[in-house]
Amino acid sequence: MLLDTRLPVRYIFRDILPDIIRVFFISVIFQLLKQFLAQDIPLIPLQLPTVLGGSISLLLAFKISQSYDRWWEARKVWGAITNDSRTLVLQVRTFVADGAALPSELSIQAITYRQIAWCYSLGQALRGLDPMHCLDEFLSEPELAYIQGHANKPLALLDLHANQIKQLYQREAINSFQQVQLDDTQVRLCDAMGRAERIKSTVFPTSYRLMVYLFIYLFLITLSLGLVETIGPWEVPLLLGIATTYFLLERTARYLQDPFNNRPTDTPVTTIARNIEINLKQLLGDSKVPAPLAAEEYYRM
Amino acid sequence: MLLDTRLPVRYIFRDILPDIIRVFFISVIFQLLKQFLAQDIPLIPLQLPTVLGGSISLLLAFKISQSYDRWWEARKVWGAITNDSRTLVLQVRTFVADGAALPSELSIQAITYRQIAWCYSLGQALRGLDPMHCLDEFLSEPELAYIQGHANKPLALLDLHANQIKQLYQREAINSFQQVQLDDTQVRLCDAMGRAERIKSTVFPTSYRLMVYLFIYLFLITLSLGLVETIGPWEVPLLLGIATTYFLLERTARYLQDPFNNRPTDTPVTTIARNIEINLKQLLGDSKVPAPLAAEEYYRM
Amino acid sequence: MLLDTRLPVRYIFRDILPDIIRVFFISVIFQLLKQFLAQDIPLIPLQLPTVLGGSISLLLAFKISQSYDRWWEARKVWGAITNDSRTLVLQVRTFVADGAALPSELSIQAITYRQIAWCYSLGQALRGLDPMHCLDEFLSEPELAYIQGHANKPLALLDLHANQIKQLYQREAINSFQQVQLDDTQVRLCDAMGRAERIKSTVFPTSYRLMVYLFIYLFLITLSLGLVETIGPWEVPLLLGIATTYFLLERTARYLQDPFNNRPTDTPVTTIARNIEINLKQLLGDSKVPAPLAAEEYYRM
Amino acid sequence: MLLDTRLPVRYIFRDILPDIIRVFFISVIFQLLKQFLAQDIPLIPLQLPTVLGGSISLLLAFKISQSYDRWWEARKVWGAITNDSRTLVLQVRTFVADGAALPSELSIQAITYRQIAWCYSLGQALRGLDPMHCLDEFLSEPELAYIQGHANKPLALLDLHANQIKQLYQREAINSFQQVQLDDTQVRLCDAMGRAERIKSTVFPTSYRLMVYLFIYLFLITLSLGLVETIGPWEVPLLLGIATTYFLLERTARYLQDPFNNRPTDTPVTTIARNIEINLKQLLGDSKVPAPLAAEEYYRM
Amino acid sequence: MLLDTRLPVRYIFRDILPDIIRVFFISVIFQLLKQFLAQDIPLIPLQLPTVLGGSISLLLAFKISQSYDRWWEARKVWGAITNDSRTLVLQVRTFVADGAALPSELSIQAITYRQIAWCYSLGQALRGLDPMHCLDEFLSEPELAYIQGHANKPLALLDLHANQIKQLYQREAINSFQQVQLDDTQVRLCDAMGRAERIKSTVFPTSYRLMVYLFIYLFLITLSLGLVETIGPWEVPLLLGIATTYFLLERTARYLQDPFNNRPTDTPVTTIARNIEINLKQLLGDSKVPAPLAAEEYYRM
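So the protein sequences, as listed, match chains A, B, C, D and E.
Going by the numbering used here, 93 is the number at position 93 of the first sequence; the sequence numbering is gapless.
Going by the numbering used here, 113 is the number at position 113 of the second sequence; the sequence numbering is gapless.
Going by the numbering used here, 183 is the number at position 183 of the third sequence; the sequence numbering is gapless.
Going by the numbering used here, 71 is the number at position 71 of the fourth sequence; the sequence numbering is gapless.
Going by the numbering used here, 18 is the number at position 18 of the fifth sequence; the sequence numbering is gapless.
Just chain A, with the same shape it has in the complex (with noise of 0.2 Å):
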């Protein structure tokens, strides 16, 4: 997540060197071709760079809005974690009689430090990372040696948070409406690791950036027969600047729409899943709280 910060500009300028240098190159192109063959070519009117500029504008707003709301969405996600990850360490500690009393791996600081783990270990494979990493700080030999065999390590972590809450009930540390209640809150978090994952695998319609780019290029195209005899050479900086900000939008646009990329604009699931630790922590009671982790120079991971 991008910080309400001055943006670096090497940040920026990465993101749109080559596409200035495209744009450049073509407009210097149609200047020289202007230049000599300025005869035969058409004089195109204005107006219709200005309906094509139009209907850019409408695509890219479509494209700005649906993008967002996918990012919005991954991050309402995460919001969703964190609740129901809160929701279960209070519920188990609603509902289990007498916690004292449960063998290590059924207390209730064996599911809380697997809920934690279960928050890095998604967040992890959200974004390609190793899923496993640093997860033997909150998991059991026995516990790490399960999940081993599994290709959805969060998958097989729930499993074992299903396998804990009926061996509770089998030993009567909870009832059956309180089972069937935990089990709904697995549910939700089953529920949420799987709109993850759907953000994360479903491919943005690769059409409509096709067609952006030839909307763009047709623009520019009739823009600069446009202004054939009006500007001359100006033309040149003043295609440069118009392309680039489309460009830059449809960037923009694209980055958002893939939320859990390794990238400055990735929803912060590290952050959120450390702070995530820190509550539950604190609601066990647990005395080694980690601080939040620190924001990087311009964003927060």
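Read the hints as simulated data drawn from the structure, not as lab findings.
Take the hints with a grain of salt, since some may be wrong.
You can't tell identical chains apart in this list, so a pair holds if it fits in one copy or across any two.
Stated by the list, open to error - No farther apart than 25 Å at their CA atoms in a straight line, the calculated lysine to aspartate or glutamate pairs in the DMTMM-like style are these:
(1) K166 with E143
(2) K281 with E137
(3) K281 with D184
(4) K200 with D130
(5) K166 with E141
(6) K166 with E105
Using the hints, position chains B, C, D and E against chain A.
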């Protein structure tokens, strides 16, 4: 689902060729008309096609946005199917006290395999393909015989689920709370199936497409008349370029509207069903887990 | 629901004929006025109708989009009715321990047939047709007599459902959990009915239609005055073409707004009710399953 | 709610008269200024008001769309109130084993009548009218005395519902499951009440209205200056026509924003409450069912 | 929340003064540049700023609409908090059989006062103010001591709720169904808290603001160059007027985006918390009910 790769030229071309040809003839005819009837035709001010271009853009923006919503809703439904399939198996594993003691037709494996079969069968049925395809891999003989008699195969599979849950309850393998909780999951599956069928069976208001075409042709005619004296035969490629982008946009939106039509832009139901199969078999501890479905050249089914 | 086929010309024509005639007279009158009062009327710059055209487009885009939402919500409500009808029967079959021992008025078939009757009756009531039409096929004499006395027939049918569920519980055919779970399904059916009635009874803000017309006429007047010196009698077909598309658009939106009005653009409630009948009868193992409702020439009811 | 009939001219006129007068003076003043200062004022190109007109349209489109959403949400809330009122009575009738044996203050009729009272009272309270109006028809003396002491009458009525449910449970007229199910319905009623109050008490961001006015006046000034040399005194009716439609649009949106303000554009809460009364009394088998509320000339309250 | 009254000029002025000054200098510099370099600068056609103006409008429309959604969602969250606070107290009063027999730390008053404290504390925490402010009025000493040790005070208060519910169940003041039903309410409160925190902590994509500024300046430059020969020094107030409205619009949207920032445009969390206090105390029959919070001159906090 189209992948985030370069689309093959032939895929794009196949789509727009008829449109290109039609628009080509239209503009040539206009061109000829103008040469022979130059003094009789009016010089239409270019503001008119500008207004019409704006109306086309807004109408297309509406169409793009609604068809994206249908496509995204279809994807959400299949995300929900993924989540509830996982949830169903997690729940059965949590609730059934002693799975080993059950007869094979009531076993956890039976409901899991039937759930996998349901996903494949629903995907096929939505695409209008054979809903029994490959089901013998997952279902027993009596189950296959039972669903053979139903018009709606996935509904018949849900009926078998319902029957198994009833018998698990009657044998006291699950209690009344757990029966109701499993029933909740089945309600959600039934709901997801119905939502996918609704998207499949509801035709997007036909009149809007008619209107888009009407506007595009009105736009082309006024534009062509408006350019009468300025750009001569250059009009042909210009009209071609602009009209083609509008038609392409309309066509892209139309494809997204119907995400279960056995086309590359479909919701990738087969891929999702395969992923569900992998997840569920790993939860069962099954040894024969298949590989994920390989993608086609530029899309996934 | 209009089908995805070529709409018959007469269907489109019947709709737009009055508008075509009205606009024709308007433009002819303008034409005559201009010939006799040429020196007295102002030459309005074409930017003015351009601005007005933009406003019309945005207002129409709003109207199209909201009426589509109403239409889509109506379709969603009927999708939910399909799902909950199936769910109700699946649940009754799962929950009732021994269906055979029940008296016929409490049998699974009784509630299933009453649910089918409810779907047909709700569809008829929404369209303002006789809500008792054909119900004698599905209901017993005492049931028919009971609902006769109610103003809202579908609500009376739900009351009969409620009564059957109460008696099933009192005879211990279902337990308390199952009663509550069935009640949940009934809450959803009651909700769907209320949502459909809300769409039916809520008039889309009338002022907006007025405003659209005001804008269209203002647009036509300024455009007509703006074209005074350029295109002469060609103005008539031009105004006709543009105005007609705007009126058509407004009219299409208006039709979609009211999806229970016994028109070809209606939500196809009869078709859906018939499909529910087929599904439910097959779940019962009934032998007399009817065929799906045949479509009309270009639409489904 | 405005009906789908011809709105009386005086209703429309009363609304726009002040605006018409104000715009009339503005355009006359501009006209005079131009006659005396013709050489000193700049000739503004008409592209400027075009851009401003586009901005106004987009701002108004936003306002129209958000105010429609508020209005539609208000209608949805009252739709939900209809559904949950019906559901409450159906549930009480299903759950309470032997209604006849209850004392009158705990009878099914008592909760039904109190629910009707709640609907009327909430409607009055939202409109800022007397929330006790006519309640003596539905409530007993002690109930009237109890709610007299509360600032929020509908909340006090829900409290009486809660109390009745508690006593029904203590007398074992309902069991624990049924108590919780009835409580669910009450949670939804409490939720609907809060949502209506939220719409009532939240002021739409005031700055946007300011901005719309700023844009409209800027538009009028630049347009007036842009037309300096072309159309002379015809400018007055032209400005009048265009400005009036914009003001009308803004005003329509503003009215829809506040659907509980005792105006013809209100959500028809009294009509809905009366329909609920009819439905609930028919479910009770009551003999004194009132007629539906008659509509006013062009609206329903 | 800004009230529906005339905003004081100084409030609007304070906001836009820096922008007015900056745009003033920009236009003066352009004016001077043009006087000294008149022959070297190009005459840009006015269609260009028109296209850019359209793009600005669409980008601003997107920003306005998304920031309104955030603001409205924040208001909805606090509406839900109102509803669930009322629900919690109604439920406790319904469920707890004999409130009088409870020790004071488990009394209905204790949970009610803690719920009031939670509302105030959450409001303060969201605004970055002291979350312990005034809590001693509602909480006992041990409760104050307990939450002192937590980073997230409202979460600690929910933990105390959870603990009280656990002890009510262990003392058999509520049964298992009722415990689960109360837990449901607590899940919703935890959810509302998390949703408010999400809105607070998620920065709106920074790049879009950059882009809006880029477009506005590009628009101003091309517009200024386009007006070179027509209107002379009149350009300064004209640019000033147009740019100011765009900046004002962007700024209004930016303020709405962050509804928990201790500004007059905030969601009025203190007012809402006070209203909840009044409602809950009246439900308890408390005698010391405070008055509603008085509004500030033109806003409510």
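Check your understanding: Which hint numbers doesn't this structure obey?
Key -> none
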